[in-house]
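Participant: Chain residues, written in single-letter form:
There are 6 protein chains.
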Amino acid sequence: MPKKVVTLGEIMLRLSPPGYKKFVQAESFDVNYGGSEANVAAAICNYGEQGIFVSKVPGNAIGQAAINHLRRYGVDTQFITRGGERLGIYFLETGTSVRASQVIYDRAGASFAEADTNEFDFDKILEGAHWFHTSGITPALSDKAAVLTEAALKAAKAKGITTSIDLNYRKKLWSKEKATQVMSRLCQYADVCIGILEDENELPPTTAAGAGNEPSFEALKEALKQMQARFGFKYIAATLRESHSASENSISALLYDGTAFHHSTEYKVGIVDRVGGGDGFAGGLIYGLLTGMNMKDAAEFGTAAAALKHTIHGDFSHAALSEVKALLKGDASGKLQR
Amino acid sequence: MPKKVVTLGEIMLRLSPPGYKKFVQAESFDVNYGGSEANVAAAICNYGEQGIFVSKVPGNAIGQAAINHLRRYGVDTQFITRGGERLGIYFLETGTSVRASQVIYDRAGASFAEADTNEFDFDKILEGAHWFHTSGITPALSDKAAVLTEAALKAAKAKGITTSIDLNYRKKLWSKEKATQVMSRLCQYADVCIGILEDENELPPTTAAGAGNEPSFEALKEALKQMQARFGFKYIAATLRESHSASENSISALLYDGTAFHHSTEYKVGIVDRVGGGDGFAGGLIYGLLTGMNMKDAAEFGTAAAALKHTIHGDFSHAALSEVKALLKGDASGKLQR
Amino acid sequence: MPKKVVTLGEIMLRLSPPGYKKFVQAESFDVNYGGSEANVAAAICNYGEQGIFVSKVPGNAIGQAAINHLRRYGVDTQFITRGGERLGIYFLETGTSVRASQVIYDRAGASFAEADTNEFDFDKILEGAHWFHTSGITPALSDKAAVLTEAALKAAKAKGITTSIDLNYRKKLWSKEKATQVMSRLCQYADVCIGILEDENELPPTTAAGAGNEPSFEALKEALKQMQARFGFKYIAATLRESHSASENSISALLYDGTAFHHSTEYKVGIVDRVGGGDGFAGGLIYGLLTGMNMKDAAEFGTAAAALKHTIHGDFSHAALSEVKALLKGDASGKLQR
Amino acid sequence: MPKKVVTLGEIMLRLSPPGYKKFVQAESFDVNYGGSEANVAAAICNYGEQGIFVSKVPGNAIGQAAINHLRRYGVDTQFITRGGERLGIYFLETGTSVRASQVIYDRAGASFAEADTNEFDFDKILEGAHWFHTSGITPALSDKAAVLTEAALKAAKAKGITTSIDLNYRKKLWSKEKATQVMSRLCQYADVCIGILEDENELPPTTAAGAGNEPSFEALKEALKQMQARFGFKYIAATLRESHSASENSISALLYDGTAFHHSTEYKVGIVDRVGGGDGFAGGLIYGLLTGMNMKDAAEFGTAAAALKHTIHGDFSHAALSEVKALLKGDASGKLQR
Amino acid sequence: MPKKVVTLGEIMLRLSPPGYKKFVQAESFDVNYGGSEANVAAAICNYGEQGIFVSKVPGNAIGQAAINHLRRYGVDTQFITRGGERLGIYFLETGTSVRASQVIYDRAGASFAEADTNEFDFDKILEGAHWFHTSGITPALSDKAAVLTEAALKAAKAKGITTSIDLNYRKKLWSKEKATQVMSRLCQYADVCIGILEDENELPPTTAAGAGNEPSFEALKEALKQMQARFGFKYIAATLRESHSASENSISALLYDGTAFHHSTEYKVGIVDRVGGGDGFAGGLIYGLLTGMNMKDAAEFGTAAAALKHTIHGDFSHAALSEVKALLKGDASGKLQR
Amino acid sequence: MPKKVVTLGEIMLRLSPPGYKKFVQAESFDVNYGGSEANVAAAICNYGEQGIFVSKVPGNAIGQAAINHLRRYGVDTQFITRGGERLGIYFLETGTSVRASQVIYDRAGASFAEADTNEFDFDKILEGAHWFHTSGITPALSDKAAVLTEAALKAAKAKGITTSIDLNYRKKLWSKEKATQVMSRLCQYADVCIGILEDENELPPTTAAGAGNEPSFEALKEALKQMQARFGFKYIAATLRESHSASENSISALLYDGTAFHHSTEYKVGIVDRVGGGDGFAGGLIYGLLTGMNMKDAAEFGTAAAALKHTIHGDFSHAALSEVKALLKGDASGKLQR
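Protein chains in written order, with our numbering: chain X, 14 to 351; chain V, 14 to 351; chain R, 14 to 351; chain B, 14 to 351; chain C, 14 to 351; chain Z, 14 to 351.
No wet-lab data here; the hints were simulated from the structure.
Given the structure is predicted, the values throughout are model-derived calculations rather than measurements.
Heads up, some of the hints might be wrong.
If chains are identical, the list can't say which one is meant, so a pair holds when it fits in one copy or spans any two.
Restricting the straight-line Cα-Cα distance to at most 30 Å, the calculated cross-link-like pairs of lysine-lysine (BS3-like) are [claimed, not checked]:
no. : residue 1 : residue 2
1   : K157      : K185
2   : K184      : K348
3   : K185      : K338
4   : K238      : K184
5   : K167      : K238
6   : K189      : K342
7   : K234      : K191
8   : K338      : K348
9   : K281      : K342
10  : K234      : K185
11  : K247      : K191
12  : K309      : K348
13  : K342      : K34
14  : K137      : K16
15  : K170      : K184
16  : K189      : K338
17  : K309      : K234
18  : K185      : K348
19  : K34       : K16
Using the sequences and the hints, build the whole thing.
Facilitator: Below you can see the structure in the form of structure tokens.
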């Protein structure tokens, strides 16, 4: 019997020039659909559990295509409502070597950002759920979305469901001040806090001073400790990423349970698609904790899952459970499987 | 010395599934850029004159790509301003046989629709211009855009430049009532009125009753006469289209100069891309009148140009002058040219 | 509350050279998944009801991809079992004009053909179902599959669920003699019999003499009458197809309820993809009858749905309900919808 | 034991924008290789006999790719020499409906056009051959090529091999005067003369007056009679083509044996690729005569083969013998073969 | 005068998602054809000698396409028989970085595996041949195929033709026990034994204990010595591969002549296509020995050829002789050649 | 007010197999247009200044497509004349790892190489220009082109415009002797000399002995000193490239002003497209000097621009000014920009 993980957020149409073409060279765009929480729901399904994604999409064929993309990869879409004006879009130009990937957001006015809380019946949505997950992107979309996020967290909390938040600070969506204020409130509902320690995208609400700079490893540990102390998280996690180039990163994760830290294996990964790497970690970590792994194993699973995500085109994690397990066993040699 | 034709309007990113795929099947979108007035400017350049397109696009790579598309086909883009939030988008699903093409607009909040009149110096823009053209789509985009359209027409009129409007009623943008009111005012600045007589998209401001229905040929003539009488157009044109299927239409045009009608040759065309067919006619007609053709020759040129546009992928007319001329000579046999 | 339609059969990997390329020219194959009953389940979902497809696929990534294709288009795949050796394949070369499309089957040894009846719990599968559908292809796959088909029909019948069979004779799978024998037995369980009157693929079990020849319209009526009399079908339907070329067919349908015939509108269709045309009719007819249409309306819906299927790439029907309805209203003009 | 047919001529790299894109829109070119005599050799192989193509290509990878293309489709390339400067190129833009296909030749300086007669040992090349074929394009390429053509024909004649010439007048390569002079000399070596009666491309050396105009059917018969009388051809053939549009032609053929005419079945064909249609006829006619068909059957075979060629992408005929035979039996319905 | 190398084995249709897409993401498959012995025959042709591939393919267009692929790259296909049920298929998902490539075989029931020995006239096939090559995959396909393999080796031996076997153990095809038994018998006919020392795919029949583990370099030498002693091979070779990741391997080769070892240069290669790397070595080694190179030069040629194969899409080696030679001269800098 | 940079040279059609396919595998070619001086003009436009490219292209659609490609990226094409026989072509096969990229030139007889000096009115062309640039490729094309190059340089010099030459020795176009003689004359007109120190492609006219060998760093400095002394260049630059493989190079640049050297930062770059790397440096250096940077900054800008060019498909530099600046600030980490 698969376990239910409910996630809440926006799903966007992703448009990217094929290969390493620049936007100005593109004569076609590869079409994908993704968003932080949708990516996590898809990862959960990918490993055999039941991911349920809650959102709102427009009642046109583009909204339907987003739903179809989720369904294709097993995500339960029954609680996605239809209506509003448009599906948010993001344009992605894939960088390589010394050239960084570029993202252009075109998400204002999206159906989800304009959705009302009363469009979602969380009592029904969360029925039988084992986990609820969202990210700091969702409340950043609009004031309505912030209200919705809090309502969902509150409902999950009330039902005794484990909750997690990936802080995911997006500076184009809101100021640090507003983010700190809102996220500090939301963090109170979270059992598990998942952050991506990456330049200014990181949002440690308790460390105003260091925010925006890649903290040293020790500073990071200290920040995690402080956050855990302040919010009482069961677990708090952070990924560490060293960008050697747009084509090669080293990634690992740090997980803290209020008592001890586990610093995972570090993987050097060649990058096919950088987007969704953090969600790959979140999905893997949640899967691990959901299925009863201990802190160490869950952190390792999440990190291996994140590493593999970087080798896969699109926002979603499609590396099979068997592939994650092989990597966990130390086989990063990429030998032909035949 | 090429003649200058200035056009004003919105240019959108066009996203279409390859071939005859439905939106829900698309894994990639073909990328084009177009819009009624941009298409006319491109047609003018295609025949060797100077098309100048005036608009506003966002200051990002998507806006730049729209400009690059125009430049590629020779359009003068020096008066396109940069700024605002986004480039409008339209999604196009290409139909065939008994299945119609579908358009989904996602153009709200586009940079051009939000542009202020004072962002454009029409004195400079229209310097040395021989023709100014816009369409009923432009004032429909927003109140700001309606003000801008009137300012442009007024400036052109003041400089003694020939002006034209393609009525192009879009029911998704405004009501018939508002359209009739605004367009009646704008028509007073127009020397040439170009309409597409096609179901409810047609907008004859003087014929409230018949609006929305494909009028009979005689009713059409009568409507053109009334409009000419009311607004004093030098020429008023209308295209006639019989849709046999999404793959085959018959098209012709009717041109009236206040005295006599010319009904052009009718072409049965196999359709590669239906979008921009009307702009193909407008571009051809303007080219004809601009270069001194008489009413009959200009109508025939416009109709042949429109017929050829239907065989070409994208919004723009790329059929060479030599190809239009060959069709005008009666050679619709499509014999291999080698 | 959507109505449940359960279908049983094989789903295959479909490999087709892009465009009109011959097999010997292909450097890539377009990938689709389909099969008569899967196509019907997808059509049911496409119109908003719940299609449940029952089958067996291998426990590898190719089997998973088939399931994902079904899920993408809304088909409930929870009763598809995993195991066996391989997914059946068919190669499709798309013809045009005087050149016919070619199909090469490579389906021997497929997981579904080797599946045992006890791998499926029809009591559970059919719980709450409104309709059960299969085709003459399923029992033709293997003796095991014939046993399975009969078991499913018997179970549906026992539960009072409406049942339908599309005769779909495939000469490459079994002899006429065996087909006649087996199908005569299975027809006894069917409420609705759906046949495709097309050269030798037709299988009227009661008309041994005429089998294999396109019967005259009157002979067809007579054959339908005899079959209805023999098996007591509530409805028996047949499609009529005139092949003008590989690119253009005229299609209509004949429906008989034991009392009267309804001969539907005939559509001349330009063909993008001929495969699944009959299933498009079956899916449309079942949808019509399922949702309470009368004989005439259901036959018309099925025929319009079939016509639209021919314009769509792949095995599945993706024309929206709104598109079918527009065609039913007589709008075959394919006018651009914007 | 397959029969040997030797053909002599140039093979070019063919570059065409995908689909119906105009040259100015192309971001990629489809790559094919072809030329009148190469196409005939490929057709011979396609029907199961042994086509041997004699030519010269540059000693680089582009020349090798041309050879590989021939080999792929079974053509014997052992007598193709390597050297010289370049492979000739032709650019092809595929037209549709009222828009004609366009060809741009870039063949000057090609290795074959600069080849010396002594680079080919016709004694060895023609050993065991049953047929030798070339076209009016070969001697038109250069004076050297004209000398080479005559040497080849002379050698074939000396060995008692049946010879054929397809007149194929190309106005961009030489004047009518020069063509008439050279071809009149070469025709003396030909047993079978094959012409394409198509506007100015036709070259009836004996009818100076009518040259360049599509003769009436009676005038065509008269011209064939005169040519036969003058040169003593065993057979002289001509194709008749009515171009309804770039997408649809009607084609038939006329064959004369000095005594009687056979006018073949006329096929209306939807066009995927117009190029090589005449070579498709030539290949089919030669195959027919080579394998012992009578005049009528050979003409019918050639015409059906030509019709099918129009439905196939690229210069070569890939319709299988079984497909030609099905069409000859009158089945132009394009019914799905499964 | 090119030297003849005859190889015997299965050729399969290879289907791979484009780029690094996972199977579940694929909407198209790239089409290639390959198999260990076909790859060797193609390599021989690639370097200018005559590769003759002996096999059986089905008498349909897919079988023909496999033959065409071979012919395209110069392989002599005259001894490939037609018939049987199907062409074997393998699906290839290309990995990168920490994600391994995956192969799914679907080769049961293939025409070649079901072929009888008497379908091949080895007396004729081997006439004038200088070398005969096969691999351990061929006898593993079926008992019939094992009989056929032995018959071919025996015939070659009887004619005094040099023979080689690439052990190529495939655990999905047979057990180690059966493989050891059969291969021990077949090795008695081999002059040259070529193995790929790679985890469990290696099959050193004489070293039961170590089989399946990557032996140490010294253990490998010892194993080669023992095998040479037992079977009296003229040469025995092994490749050494260090998999840094799915994208980067280091490869070298070890060749032993019963007296001395030569350990080749090691190349670090970026991988475009891992499949066929071992066959690239085998093809290069055979070419070297065939054309009279000494042990060292042949081993170096094979290793450089194998390195280059990894940079080429598809199963076959297409790196030109000049490219292998440049690499042999130590130029691995990849400088632009213009 | 953008500054005008005029460049003179040939633009070619570039045809390259997609991805890493070999020429013999290509079924399509990616289409680009480029040439050393066109690439520089495009780079200038890319950074916001006005690049004007002077050349001659044939009066057909291929010539027009070359112009459209230039226009797309902002290059002023008003002084490109039309006529002559053909557009030069180069075929590019992209290498990777140990396999080098290959170029096949097919540029003989190109319109530009045959152009007369009097087809260009340099008085008008150079009006208001700030910089004139050409390369050693241009005079190498033909004697006519050498005369044209000298005339252009002389005219620029006479107008007091800063001039630059990129020596760019191409051994396939002329001998070292002729190159040395002609370039020595042309260097007298140059203010800035830009060379690419790469094996035999480098041409230091003053160092006959060392020409063709990659000089040591000190020898390079000495050579630059000598050249500066002989010709009195204001600046002389050289790029240094270490080819680790076809996929990875390290590049830096050395700039000398007659007094001091600046050796730039060295970048290790992963290569998407090696062609145009040197032009990327030239364009960046010219941009730097043109906009008033000092020697150091200009050299650094040019080197960073060159590094980024290697990550971009096609001949042209499309990395935005902001991307170059980010790299100059030391951010080579390729972090996702969102």
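Participant: Run every hint past the structure and note whether it holds.
Facilitator: Consistency of the hints with the structure:
Proximity of K157 to K185 under the C-alpha cut-off of 30 Å is found in both arrangements, the shortest distances being 18 Å within a copy and 27 Å between copies. When the C-alpha separation of K184 and K348 is checked against a cutoff of 30 Å, the pair qualifies only between copies, where the shortest distance is 15 Å, while the shortest distance within a copy is 40 Å. Taking CA atoms no more than 30 Å apart as the test, K185 paired with K338 passes between copies only; the shortest distance there is 21 Å, against 37 Å inside one copy. Proximity of K238 to K184 under the C-alpha cut-off of 30 Å is restricted to the intra-copy arrangement: shortest distance 24 Å within a copy versus 51 Å between copies.
When the C-alpha separation of K167 and K238 is checked against a cutoff of 30 Å, the pair qualifies only within one copy, where the shortest distance is 24 Å, while the shortest distance between copies is 65 Å. In this assembly of identical chains, the alpha carbons of K189 and K342 lie at most 30 Å apart only when taken from different copies (25 Å versus 40 Å within one copy). Taking the shortest alpha-carbon separations for K234 and K191, only the intra-copy value of 24 Å comes in at or below 30 Å, while the best inter-copy value is 57 Å. Both within a single protomer and between protomers do K338 and K348 lie at most 30 Å apart by alpha-carbon distance, with minima of 14 Å and 28 Å respectively.
In this assembly of identical chains, K281 and K342 lie within 30 Å of each other by CA distance both inside one copy and across copies; the values are 16 Å within and 25 Å between. Taking the closest pair of Cα atoms, K234 and K185 come within 30 Å of each other only inside a single copy of the chain (27 Å); across copies the shortest separation is 48 Å, beyond that limit. In the homo-oligomer, the alpha carbons of K247 and K191 lie at most 30 Å apart inside one protomer (25 Å), although the nearest pairing across protomers, at 55 Å, exceeds that limit. Proximity of K309 to K348 under the C-alpha cut-off of 30 Å is found in both arrangements, the shortest distances being 26 Å within a copy and 28 Å between copies.
In the homo-oligomer, the alpha carbons of K342 and K34 lie at most 30 Å apart only across protomers (24 Å), although the nearest pairing inside one protomer, at 36 Å, exceeds that limit. With identical chains, the CA atoms of K137 and K16 are at most 30 Å apart both within one copy (16 Å) and between copies (21 Å). In this assembly of identical chains, K170 and K184 lie within 30 Å of each other by CA distance solely inside one copy; the values are 28 Å within and 47 Å between copies. When the C-alpha separation of K189 and K338 is checked against a cutoff of 30 Å, the pair qualifies only between copies, where the shortest distance is 26 Å, while the shortest distance within a copy is 38 Å.
Taking the closest pair of Cα atoms, K309 and K234 come within 30 Å of each other only inside a single copy of the chain (16 Å); across copies the shortest separation is 42 Å, beyond that limit. When the C-alpha separation of K185 and K348 is checked against a cutoff of 30 Å, the pair qualifies only between copies, where the shortest distance is 16 Å, while the shortest distance within a copy is 41 Å. Taking CA atoms no more than 30 Å apart as the test, K34 paired with K16 passes between copies only; the shortest distance there is 28 Å, against 41 Å inside one copy.
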